[in-house]
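Turn these sequences into a full structure, and let the hints guide you.
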Amino acid sequence: MAELTHVQSEAHSPNLRHHFDDMGQQFDSATFGMWVFLLTEIMFFGGMFGAYTVYRSMYPEAFAATSNFMNPAFGAANTAVLIVSSLTMALAVRAAHLGHQKTLQMMLIFTMIFGLAFLVIKGFEYHEHWVDLKVPLFPSHWAWDGPNAPPQFAHQAQILFIFYFFMTGFHALHMVVGLGIMTTIFIMARQGKFSHDYYTPVEVSGLYWHFVDIVWIFLFPLLYLIGHTRQLI
Amino acid sequence: MDLQPVTPIRTYVLVWLTLTIFTFITYVVAQVDLGAFNVVIALGIAAFKMSLVIWFFMHVRTDSPLTKLFCFAGFFWIAILLSLTLGDYFSRTWMPGGKFW
Amino acid sequence: MSTALQEPEVQETPNYLNAEYGWKSWLFTKDHKRIAVLYLISISVMFALGGVFAMLIRLELLTPQGDLVNSDTYNKFFTMHGVTMIFFFLIPSIPATLGNFFVPMMIGAKDLAFPRINLLSWYIYIAGALFALAAIVMGGVDTGWTFYTPFSTTYSNTFVITAAVGVFIAGFSSILTGLNFIVTIHKMRAPGMTWGRLPLFVWANYATSLIQVLGTPVVAITLALVALERAFHIGIFDPAIGGDPILFQHMFWFYSHPAVYIMILPGMGVISELITCFSRKGVFGYSFIAGSSLGIAIIGFLVWGHHMFVTGMSMYAGLYFSLLTMLVAVPSAIKVFNWTATMFRGSISYETPMLYAFGFIGLFTIGGLTGLFLGTLGLDVHLTDTYFVVAHFHYVMVGGMVVAYLGGLHFWWPKITGKMYPEGWGKFSALLVFAGFNLTFFPQFIAGYLGQPRRYHAYAPEFQVLNVMSTAGASVLGLGFIIPLIYFLWSLKYGKKAGNNPWGAKGLEWETTSPPPTYNFETTPIVTEEAYAYAKHEEAHVG
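Residue numbers (numbering that gives the first Met the number 0), protein chains in the order written: chain A, 0 to 232; chain B, 0 to 100; chain C, 0 to 542.
Everything labelled a hint here was simulated from the structure, so no lab data went into it. The reader is advised that the hints may include incorrect statements.
To give an idea of the chain A side of the interface with chain C (calculated C-beta under 10 Å), a few residues [what the hints assert, rightly or not]:
#1 R16
#2 D27
#3 F43
#4 M57
#5 Q155
#6 Q157
Where a beta carbon is used, it is the ideal one built from N, C-alpha and C, also for glycine.
Written out as structure tokens, the structure is:
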């Protein structure tokens, strides 16, 4: 017979939600929950990466030809920016864990600045593609001609650019959400909600942010560095 | 209450430096024509960078085996999607008259 | 002042239903039990809607000519039937209702790990359902629930984007439910509730949740790409620019095959609970049944190509997908053998839930075996896209899953509502469902084998007798579903009050009141015995 016996629980922290037994269980559940969510995100982006891989296997030369119209300098800059933002995010989580409020807030601000920088650079890139007529989603802004555009790849190159805009677009969407999350965390930090004993939201937000960084780490070589990169037109 | 060990700042900065250096390496190597190896190196470096982020920035190094399992499961499942799908495309040419696409 | 005797007020024990009143206490609740009830109402509405489309389909198929509606309208009927039934009824069904209600209780927890996300997942479900309803009201979708390209992306003139968005949104509801269950089962088991003592219903929901979390995002991105391609009139599945429609099918079925295991595994979990209780015996081969749930979840991800044997996919891929399909039948068979062995030398009683359990074992076995016919490459060339396939999946989905769902609803109804349903009507409806179901779908095996294709509003005259039998059966089946709806609602007001454990069942949920208190347990229980620890030679009726 199952006994209904009182289980020892520690003194009530104001941050303990009532369905949990103690803060350790709560923290564990929250971080594990975020990992399960990231698992779904791996599968979401993975679906796109999978489709990309199939088409790249089908049309290797067409995909390689599109690298003439990609700006790897922008891509590399974006990669560097995101990596720095990951560093500042990790430092922010560390500061939250240690209860260093000022450092936490500072690192969150830096993370957001770098995140914003990423989006600004992306904006420039998208604008360049728009001007160069490399946006197949809008018929008036797609043209495949010129010395660096072998005509036999006209159709398949569209597929690559469709992947480019959808993959970087979904990624940018996740960045925007990430910035929203960081803003919320920053406000909560300003309100003094975090301490050595309770910094769970910072921890799980950090996990999300690093994941978005990882997606970009793969997008960079796959979209920008496909073929033998040459000088930009 | 210490739910996790604290990583020293030095470690984080070293990881960041490594990531940045390898980004630079990826960029430079891509300028050189190595044929099929370009993809292998680029993706290999990306996988290495990802592992650093996961292991250090995301604390998987100090996390429970359960977290490590779930982290691994994601990549394994993508591998299932990719391998069985690509298996279809690549084996189409094995029959006489079969075309890859 | 009245001199008439006033009846003393009967104090109701405080429970989750009377803890708070008012619409806000329901729409902003964090209690997993209330959320389960919200889901129960919502999916019942969608089931009814799906049933209406089913009746329209069967009405058209009474006669060989396409005389009730034209082919475009008929295409909309079977599409909307499939979309509502699969995405808005079957996928959420048991996990969101019985799972939500009982998984925390069965493991001795006060709630799920993330109660607010639980509520959010219901709201997301409603949002998705509204998009689907909008698509129906605006004029429907005619692509089939499978959204095959390039018809869905380019050539269909119906509200594909709206429907795809609805399914996309509902997918997130499913993902969040799965996420919640995984974390809860890992992190919130009561002391002494080891993995080896978990009720098999919990194991089943755990395996289901793994599939939800791993598979749903892929169909999400696939449908998002379809919607985007339709919106921009160009996309990666567009053959005009070198896109491959077969790739769509790979990505779609990567989820949609495991999805059928999302649909059946919780039903199998229910059956484990019913068989043990109504045989008054511990389950035979606990670890095999638990392990087979995980086995189905994992192997289920490796077989999706069996939906694509005749599409132009490589024959070698067909080979490995066919082989793996044979393999995935093994864990299901293990369950059926173990349930049978559980009943052997048990003290069996024939209450309504047990009648449904019997129905499940027979009908699921037929459905499962016919799946093996379809998984065999040579046979599938003949049987694919015929009514044989339709009969196969209805045997597992309706004869399996819906029957298990009804069995579970009857079993746990007293716990959820504190009232008993009328047992005589329960038995009668169970028999109606069984009879109606077989009359509806068995003729379809024959019609399909003889060559009647699916998704056609007209057919060759020689199939008419079989179709008339099928439509007649559908009416009986429909009645079998309507009667419980009536008596369940009736029981809420007039049903006999249920005790804590009307069936004498083992399990933590039976050790609380009926209905349970909001926080499930006064104090976290400590578990000391194995699951299904029925004493040998126990009496058939207790309490």
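Here is what the structure says about each hint:
This hint holds: R16 (chain A) has a C-beta 8 Å from the nearest C-beta of chain C, less than the 10 Å allowed. The interface hint given for D27 (chain A) holds, since its Cβ lies 6 Å from the closest Cβ of chain C, which is under the 10 Å cut-off. With 10 Å as the threshold, the beta carbon of F43 (chain A) comes within range of chain C, its nearest partner Cβ sitting at about 4 Å, so the hint holds. With a cut of 10 Å, the hint placing M57 (chain A) at the interface with chain C holds, because the nearest CB-to-CB distance is about 8 Å.
Given hint, Q155 (chain A) at the interface with chain C, holds; its Cβ is 5 Å from that chain's nearest Cβ, closer than 10 Å. Annotation: interface hint on Q157 (chain A) holds; nearest CB of chain C at approximately 5 Å, less than 10 Å.
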